[in-house]
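Asker: Model the full structure from these sequences, guided by the hints.
Chains as they are written, first to last, in our numbering: chain G, 1 to 337; chain E, 1001 to 1330; chain V, 2001 to 2315; chain B, 3001 to 3290.
Quick caveat, the hints were computed from the structure, so don't treat them as lab data. Fair warning: there could be bad hints in the mix.
[Stated by the list, open to error] Here are some, though not all, of the chain V residues that point toward chain B, as calculated from beta-carbon distances under 8 Å:
id	residue
1	Phe2127
2	Arg2147
3	Leu2150
4	Val2253
5	Val2269
Just so you know, even glycine gets a beta-carbon here, dropped at the ideal spot from N, CA and C.
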Amino acid sequence: MALLEVKKLKVYYQTGRGVNQAVDGISFELDQGSSIGLVGESGCGKSTTVKGIVRVMPTNAFIPEGEVYFNGSDILKSAEKEMRQLRWRDISIVPQAAMDSLNPVYTVRNQFLEVMQLKGDLNKKQALVRAKELFALVGLNSDLLNYYPHQFSGGMKQRAVIALALALNPRLIITDEPVTALDVIVQHQILNELKELRQQLGLAMVMITHDISVVAQTCDQIAVMYAGKIVEKGKGKQVLKNPLHPYTMGLKNCFPNLNQPNKELIAIAGSPPDLIDPPPGCRFYERCPFAMTQCQLEEPGLEELESGHLSACFLREDIDQYRNKAKEVETWLQVII
Amino acid sequence: MATSDYIIELHQAKKFFPIRPKLFRRSGSDDYLKAVNGVSFKLKQGESLGLAGESGCGKTTTGKILLKLCAMTGGSYFFKGRDITTLTAKEEIKSFRKQAQLIFQNPYDALNPRFTIYRSLLEPLIIHNLGTQQERRDMIRAVMERVNLKPAETFFEKYPHQMSGGQLQRVVLARALIVDPAFIVADEPVSMLDVSVRAGVLNLMKEITEKMDLTTVYISHDLSLIQYMCDYTAIMYLGKIVELGPSRELIAAPIHPYTKALISAVPIPDPDVANEAVNISNNVPSPINLPPGCIFQDRCPVVTQLCRQEEPVFSEVAAGHRVACHQAET
Amino acid sequence: MILTMWVIATILFFIFRLMPGNPLVAYIDPTFTEEQQQILLKQFGLDQPLWYQYFVFLKNLGQGELGDSFFFRDSVVNVIGKVLPNTIYLMLLSLLLAYTIGIMSGIYLAWKRGERIETVGIVLTLFTRAAPQFWVGMILLAVFSFRFGLFPSGGASAAGTVYASEWEKLLSPSFYHHLFLPALTLAIYLLGLPLLLMRSNMLDVMKEAYVDMASMRGLSKLRVMLKYAARNACLPVVTAMAVGIGYAMGGNVVIETVFSWPGLGRLLVKAVSTSDYPLAQGAFILIAGVMVIMNFVADLLYSILDPRVTLENRR
Amino acid sequence: MGAIKKTVAGISGFFRQDKFAVTGVLIYLFFLLIAILAPWLAPYNPHEMIREGSQFMFNRPPDGQFILGTTNMGRDIFSQLVYGARPALTVGFSAAFFVMVAGTLVGLIAGYYRGKVDQLLMRITDIAFGIPFTPFVIVLVGFLGPSIWNIVMAMALLLWRDTARVIRSQVLTVRERGFIEAARVSGASDLRIIFIYIAPNILPLSFLYGSLAIGWAILTEAAVSFLGFGDPQVISWGYMLNDAYVSQALSRGAFYWFIPPGICVMLAVMAGFYIGRGSEEILHPRLKNN
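Answerer: Listed below in structure tokens is the structure:
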């Protein structure tokens, strides 16, 4: 049984102009100890997905349908009180803005002890011992516990937030752009640490990022999101080496690669559709160089084309040929917005 | 004054910020944040240089110095053979402003929210008194088409909040180009844009600067981007350039231990490439009171006694490739 | 701070000396002869050149010497000293009421964001801000004092009562009976600031990542609201309270007059209307001094309460 | 279904926000109309001691003849109320105008030039903040003589301070924004940057403070008149309240005398608050998207 199973989850936002279908029916599952990367551009719904899973959402967000099974039970149906029990004990989060996720007017120690005493049923002494252990685990000096968050550097803060996420031995950790704001060297170290900690503690992880280079090296599985939907899902290697969806192919062209100085960058023309009134067919239709009439009318479902490798696209045969075409600039110039 | 071969000649540029003394702390004489501490390079027409480094290394301040947006604490800066630091006459400053332009990191913030796109592009023409009414309209149309905002008229009356990030960055580029500059500084030009849009803006900038033979300085934390865009790369650390050379050479065969560490830390979008170990510590010393010797001594894996006593000279190891490291000299 | 005080004192000096309106009118019997008037002028140093008067004024001010009141024929310090405690009691009680109720209601309204009760609350608060204080006082007087006779109609003590000491006054129920209506009026007026400030700070703070994260840590909503949102949101309110003390001193003028409360504000009004300028000057300088000090205290409080301030200054 | 409900709630909420400003403007238009039409609306001369035959109409409760009754001197309260709109609006708008212009200019210059200029101007502002407002107005009016223009001047001398401080901090933020740096890079002069780039972006804020100042000014004029330092030639709402207070209207329970002027003051002040709240949204449409 999978540890986390998200089924057709929808998270919508109520806005002044109408309902924004930010996350529109996404499904994925995650086994104990494995990891998945949700990759996509801003506004594709990856952060909203996480908020929906743990149900800590802005007041104008709501979940019209979907199921989220954690350890076999549907947590979307559980009461807020039970949900609160689940948060941090079983599912913890390393947020996007780690810098701002600690309360500036309390010491780090205060915030560690609070979680462990209230949620972990430890007494103060035990909690303090545990806090020191956690700091050691992420490579921070335990003296730093007595400091205020603003006295930490970006990397230190990120480590402290990771330590806090591990405080109650959760089974699942969700990291939202965990290294985006950091310098490359620190970024590199934190990613490696996350990977080691995960193996050491047998944690499952959902990682959210816009940067395919980051998931390439940290996650077993990758799900590529576009405009509120998962368009492609598979093992890391499958998705990055042999993409099935034209969007993934295009996305790969957008990243410069330090090892390939001659690689030419190719942009994807246009921008994602307005999710308040999305078009009926494939949401990538307008920007897709291989779009067909069918794509405009009908929405392609996510289908398994190779073992464990799924794509939501009507291109289901001869994908190699398209993949090669997608590497050429001319292909993408044909798209007229 | 004789014109020089070089568009940009920056020599030992320094910018120190005084640290405000605290009420109950005795203030030492050395309380300066040395944001830029002796940066030198020269650029010929059409050449491009990328300034890379971690946050706080002084790359953005260097960019500001190049645009005369902040006064230098020390050093000299010649632009087309003219000493820029001593410019005082309003007309001369204006003429420099016409030739040196800036592309911003945040396109959402770089345009006046109360101006239409047309008005934003008209401003530089009014300020520098270029063209007649009709000519101005044609110039604006031409420059917008040049940055692929076609048909230009459909954008004239739009406000910045009605446009996407990629389109805005094109407008910003157009605003820089409309006065026909010789030199452009681009400060993290795409870091605020979505990945799929970045490539378009980068390619456009590359194409235009090459076609117009513009001298450019790119400031970025992203080495892969700099390699893609620039002829030369300079790696900055704590206000100094530690290594400068032709981009591909520098990235393929880095010499300075800091450059090596930086390059090995860059994530590669390829699951087959094994993730190299970075072997330097992550404590960046404060740029306020630095010890004597090499600025990298505390983090360097190959540090020697010499490094703790003497500052290495920034010297040439190959044609156009300079490094500030004692190990590189032998 | 001392500079600010000096400038204010100087402005004040010149305002008072250059004003038309002969201060002697209030003091001198019209039947006095020219000669007698001259003697009085000399007695108050009014025959000296202006610059000389200015230096004497500064010197005296430095020594805490404010001259003699024309009207009360007593030293200004004494006159003010007698009424000052009353003003302080009034101010403290109403600040306490206003800030306790204000902060709590502010938190409550932020919590009820977007609900009908929020709009109602805000409109009601705006009413308290917009209603003239003295008018609110008049209504309270007319209803509770004159119509129902529940509270005395003015003053700080029942007619004929003389307290032997401040302590005796503070222990007497009659004093609080007199204090209640003016304090309530002032509190109603002061309430709006902490309430609106607290609410908008709460709404800002609730957008911060650490508040979201606290909920994600599975902490209860009440705990998140109080320990995370309210604790951070109340910093500016606490400093506003320091500034509020200064404003309350100044704002008392009207309320003290309505309730005939023997305080500093009423004294100032009386002094101005009788052209008793040493007294008016003294009262004004005292109120201004409190304001200047409280502005300074507010800055100080802010840096003490917020651990980030010292760092952010350095950036 | 829930979605539709939420949409409706969202839209009506949006209108509710704007309604504030509309209400404020309507209230001012209403008072303006009353002020202009006062001679036609008021049944009596507000100063006139009305008598029927030889009988003075002292202390008459409201009836068909005197809508709001008469004062203890036999003056028609309703007529006084109508004429009271004139000084209120005059004081409110003239003080607010001065406050807006002076405060905005000081804030713009201090915020843009920073350094010594800023320090000097902010020191002056600090001093203004150290002077207690109501006592200052009372003292100044008390000695300069009770005239409506002295009241306006006394208020204007101090009220600019809030606007200046807020505008300055806003200017400090705006001047760090990219488009200001862009203007500087394109060689725009300081004056051009201040008035063409920065000023339009802080205008909503100075309107906001201007409209709040209308409220404060009306309120202060009422307080000063109540304390007896008002212009005796002018019948203002504050004067009416003073009249009622000193004539024992409270003990007589003559609510019809002192309730209406208070409500008028309150409405006028509220209208200022409402416009302040709304104009921000009208002039700065992008705020709505967030």
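Asker: Looking back at the hints listed earlier, which ones does the structure fail to meet?
Answerer: Number 3 - this is the single hint that the structure violates.
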